[in-house]
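**Student:** Chain residues, written in single-letter form:
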Amino acid sequence: MVSKPHGGKLVRRIAAPKTRERILSEQQEYPRVQIDHGRAIDLENIAHGVYSPLKGFLTSDDFGSVLDHMRLSDDTPWTIPIILDVKNPDFEEGDAILLYHDSLPIARMHVEEIYTYNKKEFAVKVFKTDDPAHPGVARVMNMGDHLVGGEIELLNELPNPFAKYTLRPVETRVLFKELGWKTVVAFQTRNAPHVGHEYVQKAALTFVDGLFINPVLGRKKKGDYKDEVIIKAYETLFKHYYPKDAATLATVRYEMRYAGPREAIHHAIMRKNMGATHFIVGRDHAGVGDYYGPYEAWDMFDSFPDLGITPMFIREAFYCKKCGGMVNAKICPHDKEFHVHISGTKLRKMIMAGEQPPEYMLRPEVFEVIRSFENPFVE
Amino acid sequence: MAEEKKYTTVSIPKPLYDKIKARIEGTGFTSVSDYVTYVLREVLASLEEEEKEEVFTEEEEEKVKERLRALGYLD
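So the protein lines, in turn, are chains G and H. Position 170, counted from 1, in the first sequence is what this note's numbering calls 173; the numbers after and before it change by one each time, with no gaps. Position 33, counted from 1, in the second sequence is what this note's numbering calls 41; the numbers after and before it change by one each time, with no gaps.
Hints listed in this document are in silico derivations from the structure and should not be mistaken for laboratory results. Hints are not guaranteed to be accurate.
Chain G is nowhere near these chain H residues, computed Cβ spacing over 12 Å in every case [what the hints assert, rightly or not]: (1) VAL18; (2) LYS22; (3) ASP26; (4) GLY80.
To give an idea of the chain G side of the interface with chain H (calculated C-beta under 10 Å), a few residues [to be verified]: (5) ASP78; (6) VAL177; (7) LYS180; (8) THR186; (9) VAL219; (10) GLY221; (11) ARG222; (12) THR251; (13) ASP305; (14) SER306; (15) PRO308; (16) ASP309; (17) LEU310.
Since the structure is predicted, the reported quantities are computational estimates derived from the model, not experimental observations. Think of the CB as a built atom: it goes at the ideal place given N, C-alpha and C, for glycine as much as any other residue.
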């Protein structure tokens, strides 16, 4: 049996067709609030149960409890505040409002509470820093001064060029069941796969029935692989190097917070809701710069005996010239001089220079896919 | 900001309290309360995991399977 949804029940907050039609026909009557791309994606994730048990944006009780205790007010583990900020609310508690991204109505929200918060406290508790150079902190500091809590109903989704690859929890759960997987390990990624990734994924797969590769699609930084490159690279890798009945690939849209250890727990909860029983926690998972220790996220899992998904801590892989293969620090006895670490930055530079990386770093088939794109990286 | 998390008192036998206190020395647990909270959360979570829950109806499941077949995820 795959993982039970977080909080016990898979949330679905999609407006029924008739309700949706009625709301849209009456949309002029609702107070209108503009939301950014990230909040629109959060709404999708709430509505499809990726963020179960959340049914909407956090109210102050839950918000405070998440900041202080990394749990919702009912004690359910929850580490990242999922919140809606507004600058000057022109509506009141008890109102129903419509949330728009540009001209597209995304959701109706029942305003349960409007409250203020301390941005610096938020930043320090979630990101462990108030350095504005941290992308998560910078975002918090630019947020509106009020937060709005309450349940939502999804009306529309943002256009999704990768809809074919986007599976919702209800779909991944059925998929795993049909594939006969009782234990499933999920791997989150934002990169085209190199051999180090493959090693970690296959090491994890050794212990479970199925491997679920779940790339995060969404806004990216300059120099990141484009979404279509990541998908095509994985499709090629699957075709040539992965067992067909034991690995699958689907994407999820999500805005990275770069909250390191706290976000690692959040990523695990998202995959638990998709049905995964295990989750690979990488080195410096969801980190940025040097704000978090390389294995700090691993320690964070000790605080959650009730998380309901098993973390798999697999050490970073590297190539050892003496061993003649991919290894990790625990299993290789040789000196550092024989080790070749696979750096994403180094690979990127080689690819940009048109140079083919050695096979022990990047599968030639994956290189061909990346090379087939005129510009595989975000500009 | 939300108010402080609410706590309540639960009684446990004194010898058990003493045993736990001795056991957590030198560990990451800073109090017996922390340890008891940790253990109870773990026990409750494992009990909840055992409870079966039907997430969707057969009809919904069939619709999902159709989509998964159309997308090539299922044969």
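**Student:** All hints are to be evaluated individually against the structure, with a verdict given for each.
**Tutor:** Here is what the structure says about each hint:
{"no.": "1", "hint": "VAL18", "result": "holds, 14 Å"}
{"no.": "2", "hint": "LYS22", "result": "holds, 25 Å"}
{"no.": "3", "hint": "ASP26", "result": "holds, 23 Å"}
{"no.": "4", "hint": "GLY80", "result": "violated, 9 Å"}
{"no.": "5", "hint": "ASP78", "result": "holds, 7 Å"}
{"no.": "6", "hint": "VAL177", "result": "holds, 4 Å"}
{"no.": "7", "hint": "LYS180", "result": "holds, 8 Å"}
{"no.": "8", "hint": "THR186", "result": "violated, 13 Å"}
{"no.": "9", "hint": "VAL219", "result": "violated, 19 Å"}
{"no.": "10", "hint": "GLY221", "result": "violated, 21 Å"}
{"no.": "11", "hint": "ARG222", "result": "violated, 25 Å"}
{"no.": "12", "hint": "THR251", "result": "holds, 7 Å"}
{"no.": "13", "hint": "ASP305", "result": "holds, 7 Å"}
{"no.": "14", "hint": "SER306", "result": "holds, 8 Å"}
{"no.": "15", "hint": "PRO308", "result": "holds, 4 Å"}
{"no.": "16", "hint": "ASP309", "result": "holds, 4 Å"}
{"no.": "17", "hint": "LEU310", "result": "holds, 8 Å"}
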